[in-house]
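Sequence order for the protein chains is A and B.
For the first sequence, the residue numbers in our numbering are 452 to 891.
For the second sequence, the residue numbers in our numbering are 452 to 891.
One thing to keep in mind: the hints can contain errors.
If chains are identical, the list can't say which one is meant, so a pair holds when it fits in one copy or spans any two.
[Said to hold, decoys possible] With a Cα cut of at most 25 Å, we get these calculated DMTMM-like pairs of lysine to aspartate or glutamate:
#1 Lys752 <-> Glu782
#2 Lys530 <-> Glu742
#3 Lys791 <-> Glu804
#4 Lys791 <-> Glu801
#5 Lys822 <-> Glu782
#6 Lys789 <-> Glu804
#7 Lys789 <-> Glu808
#8 Lys789 <-> Glu801
#9 Lys752 <-> Glu545
#10 Lys789 <-> Glu812
#11 Lys752 <-> Glu515
#12 Lys791 <-> Glu808
#13 Lys847 <-> Asp747
#14 Lys752 <-> Glu804
Don't read these hints as lab results, they were simulated from the structure.
Number of protein chains: 2
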Amino acid sequence: MTSRTFLRNFLNYGNPVVTIFSGSYCSRLYFHQTPVCKVAWQAETGFKPSKVAVVTKTTRYEFEQQRYLYAELSEEDLKQLLALKGSSYFGLLERHNIHTHNVGQIVDNLQKEGIEVRIVKRREYDEDTVRWADAIVSAGGDGTMLLVASKVFDKNKPVIAVNTDPERSEGHLCLPVRYTHTFSDALQKLRNGEFSWQWRQRIRMHLEGTGINPTPVDLHEQQLSLEQHSKAHRTTTEAQRSTTHNYTTPCLLPVRGLNEIFIGESLSSRVKYKSFKPHLTLSHHRASYYEISIDDGPWEKQKSSGLSICTGTGSKAWSYNINKLVAQAVEDVLRIGKAKTGLDIPLNQEVIESVTEAYNESLIFGPEENKVFFSVREPIVNRVFSNSRQRGFASKICVRSRCWDACMVVDGGTSFEFNDGAIATISLCNEDLLRTVNLD
Amino acid sequence: MTSRTFLRNFLNYGNPVVTIFSGSYCSRLYFHQTPVCKVAWQAETGFKPSKVAVVTKTTRYEFEQQRYLYAELSEEDLKQLLALKGSSYFGLLERHNIHTHNVGQIVDNLQKEGIEVRIVKRREYDEDTVRWADAIVSAGGDGTMLLVASKVFDKNKPVIAVNTDPERSEGHLCLPVRYTHTFSDALQKLRNGEFSWQWRQRIRMHLEGTGINPTPVDLHEQQLSLEQHSKAHRTTTEAQRSTTHNYTTPCLLPVRGLNEIFIGESLSSRVKYKSFKPHLTLSHHRASYYEISIDDGPWEKQKSSGLSICTGTGSKAWSYNINKLVAQAVEDVLRIGKAKTGLDIPLNQEVIESVTEAYNESLIFGPEENKVFFSVREPIVNRVFSNSRQRGFASKICVRSRCWDACMVVDGGTSFEFNDGAIATISLCNEDLLRTVNLD
Numbered sequence: 452m453t454s455r456t457f458l459r460n461f462l463n464y465g466n467p468v469v470t471i472f473s474g475s476y477c478s479r480l481y482f483h484q485t486p487v488c489k490v491a492w493q494a495e496t497g498f499k500p501s502k503v504a505v506v507t508k509t510t511r512y513e514f515e516q517q518r519y520l521y522a523e524l525s526e527e528d529l530k531q532l533l534a535l536k537g538s539s540y541f542g543l544l545e546r547h548n549i550h551t552h553n554v555g556q557i558v559d560n561l562q563k564e565g566i567e568v569r570i571v572k573r574r575e576y577d578e579d580t581v582r583w584a585d586a587i588v589s590a591g592g593d594g595t596m597l598l599v600a601s602k603v604f605d606k607n608k609p610v611i612a613v614n615t616d617p618e619r620s621e622g623h624l625c626l627p628v629r630y631t632h633t634f635s636d637a638l639q640k641l642r643n644g645e646f647s648w649q650w651r652q653r654i655r656m657h658l659e660g661t662g663i664n665p666t667p668v669d670l671h672e673q674q675l676s677l678e679q680h681s682k683a684h685r686t687t688t689e690a691q692r693s694t695t696h697n698y699t700t701p702c703l704l705p706v707r708g709l710n711e712i713f714i715g716e717s718l719s720s721r722v723k724y725k726s727f728k729p730h731l732t733l734s735h736h737r738a739s740y741y742e743i744s745i746d747d748g749p750w751e752k753q754k755s756s757g758l759s760i761c762t763g764t765g766s767k768a769w770s771y772n773i774n775k776l777v778a779q780a781v782e783d784v785l786r787i788g789k790a791k792t793g794l795d796i797p798l799n800q801e802v803i804e805s806v807t808e809a810y811n812e813s814l815i816f817g818p819e820e821n822k823v824f825f826s827v828r829e830p831i832v833n834r835v836f837s838n839s840r841q842r843g844f845a846s847k848i849c850v851r852s853r854c855w856d857a858c859m860v861v862d863g864g865t866s867f868e869f870n871d872g873a874i875a876t877i878s879l880c881n882e883d884l885l886r887t888v889n890l891d
Numbered sequence: 452m453t454s455r456t457f458l459r460n461f462l463n464y465g466n467p468v469v470t471i472f473s474g475s476y477c478s479r480l481y482f483h484q485t486p487v488c489k490v491a492w493q494a495e496t497g498f499k500p501s502k503v504a505v506v507t508k509t510t511r512y513e514f515e516q517q518r519y520l521y522a523e524l525s526e527e528d529l530k531q532l533l534a535l536k537g538s539s540y541f542g543l544l545e546r547h548n549i550h551t552h553n554v555g556q557i558v559d560n561l562q563k564e565g566i567e568v569r570i571v572k573r574r575e576y577d578e579d580t581v582r583w584a585d586a587i588v589s590a591g592g593d594g595t596m597l598l599v600a601s602k603v604f605d606k607n608k609p610v611i612a613v614n615t616d617p618e619r620s621e622g623h624l625c626l627p628v629r630y631t632h633t634f635s636d637a638l639q640k641l642r643n644g645e646f647s648w649q650w651r652q653r654i655r656m657h658l659e660g661t662g663i664n665p666t667p668v669d670l671h672e673q674q675l676s677l678e679q680h681s682k683a684h685r686t687t688t689e690a691q692r693s694t695t696h697n698y699t700t701p702c703l704l705p706v707r708g709l710n711e712i713f714i715g716e717s718l719s720s721r722v723k724y725k726s727f728k729p730h731l732t733l734s735h736h737r738a739s740y741y742e743i744s745i746d747d748g749p750w751e752k753q754k755s756s757g758l759s760i761c762t763g764t765g766s767k768a769w770s771y772n773i774n775k776l777v778a779q780a781v782e783d784v785l786r787i788g789k790a791k792t793g794l795d796i797p798l799n800q801e802v803i804e805s806v807t808e809a810y811n812e813s814l815i816f817g818p819e820e821n822k823v824f825f826s827v828r829e830p831i832v833n834r835v836f837s838n839s840r841q842r843g844f845a846s847k848i849c850v851r852s853r854c855w856d857a858c859m860v861v862d863g864g865t866s867f868e869f870n871d872g873a874i875a876t877i878s879l880c881n882e883d884l885l886r887t888v889n890l891d
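Bound conformation, chain A alone:
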């Protein structure tokens, strides 16, 4: 393929970007096992970027090292302390090396293609990286795919994740595991158009009301070093001081939700203590009060352990775990149904498993589908709060907060204050589509 061909293909796709990010160790792997929905559009022709940023994750080894070195401990102390906690220093080091090796493979293959490569640590990932690169490549898990997507607003920039540690995480948002080891094949298929685009809907949020603050707080790196913590806090504090006020007109938030947004109380107290962790946080689980309106329907009071609103992509993530039933529950329901109806409902494992599977599958929909799925988490029913629909599909959802110390968390990574007086409008818009690819 000549550089002219590259250029032509490149132009066919505006500013195509192969973004392969790597997640932090603690990325939320809430995915279950059924294969990713493959509904997508065939690429008319291949594409090949000329500038690629490779962003690498913070492995748990790096994380622990960072914490302990911050506490002025030696590598030897680290070994002993990890052993005390039942973790193996060498185990972590091995995972770290596997990740590092896979990242190396990716970089080599890109350079063999004559692509300009820039390696970026995930905590250094920013809009400039996205702007500079017409292709961003890295190897990682689902957690960072979410971080990455949160900074990509150009729907012509496909985001592709490669799982750099397949034995440790599912990586449902990543390319099939085999491409971790044969990344050159993936590049060839992309170049030859042997792939399909997977467009993913994303949630946009408008906030209005009193005491709201449209400044996002990035939680992705919260588990990193104390230095980074304090930095993050100082930064946010400044940002917030300058922006907290009353919004009488809806304010579009600067992030999009690829998986879901979660609204709920989060009363916590910060307690410094002698430890390697920057701080100890204690969460007091409380009921969340709010009012909800589905598709401009009537406002309805709700009291629950929060509210989840997900996309098709997210319907396989946290939302799935909120709503799915385990076989044990299905068996109980069928047994009670059998007793109540007197019908001879068979309660063998086969029936129970097929019902359970069908029920759980019904919770999943395609990433490109133009609708969201809401779930009232652990709804509380009493004479004050009636519980009507616990969940369902919608194209627009409005939520009025009655919470005390709540937040709206986007993809578990970005958070906004959401207290009494604030109103959020959740919707979808084709402008917000995220371009990813499917490789067989």
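Given chain A's structure and the hints, the job is docking chain B onto it.
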């Protein structure tokens, strides 16, 4: 009744205490509607305390006033700011006055009985109060019943709660609502033995391992003023500095769980911002990793949104909401079952509701029953984490933390660090029984 009789009756019950506490506004009212289990022992004879402490709750009016006054705002500003948030100043004031009136009634009735009364604000409630009083009376909701129980370790001290604002809260741990208005009748029935004791099992926890800290952190008052916040933090910090170390032998924690204990991740970041609240806390919902052993069975890896372990009392509280099914889900299961089995399962409302009710009732057991109920919350199943039993009864549960920033929260009010390396043993012991009363 002569003072001799009082004395005799008093001696019959060691050091009986009628403890009627009032909850803070934000008490967790996770209770559903079925009546409280009435299994109990008939009192052989009545009892009457001679010293009673009346502990009063912080109403939301007091709470808001405190916050706003702290920000040097006038009562007039308070009115306007509450209005902005869609809350009514006069509404809050009305609830406050109803509570205050009911507390007054209780105090009057006690004094008419010649009982020495001491009035204590809930945030002033401490072990000295419990020690001084041979009867502590207050009017309040379930939230403070939990706070109260957390400081009562003498199983001869019955705890009784009166709901001071029945229109606003369920008060399932409180006396029947009518006694709120006819407290003298309640006192008479207690005196004449026209009641039964309700013994409630409580959960005890042993902690062992590395990096654990047996110093409890009280979350009950977290929603109060900034002064109290900083005070609480300073205190705790000092306490913890002096006590964080490695426990090689199990350490019995200084609290008991009346409702439940919850174990889960709680990664949060503390962000100061211009507001009346002391701080804004953002919670990043993460999967919790841990290993669990039921009744000395094999250790099993779990990944979920936390683990709940409740008593019979708590089986109607948060645990109920974690496990209960809404009619919508039951209908879906039966519909799928109908399709899969080809049986003519009737899907009318009557059947669906009776199955739903029977299923949910099966989650509840008696407060005095000598067992706990565990629930894996939102279990995560993938090729790494198999999900076996999601829930069940047990008499002993061991949990080994694999969490990063987790805590063990007792009755939503007291919290302990519970991170990688820590092992908790959860059990019941008759020493820990809480004595409450049932009045018809």
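Tell me the numbers of any earlier hints that the structure contravenes, in ascending order.
Per hint list: zero violations.
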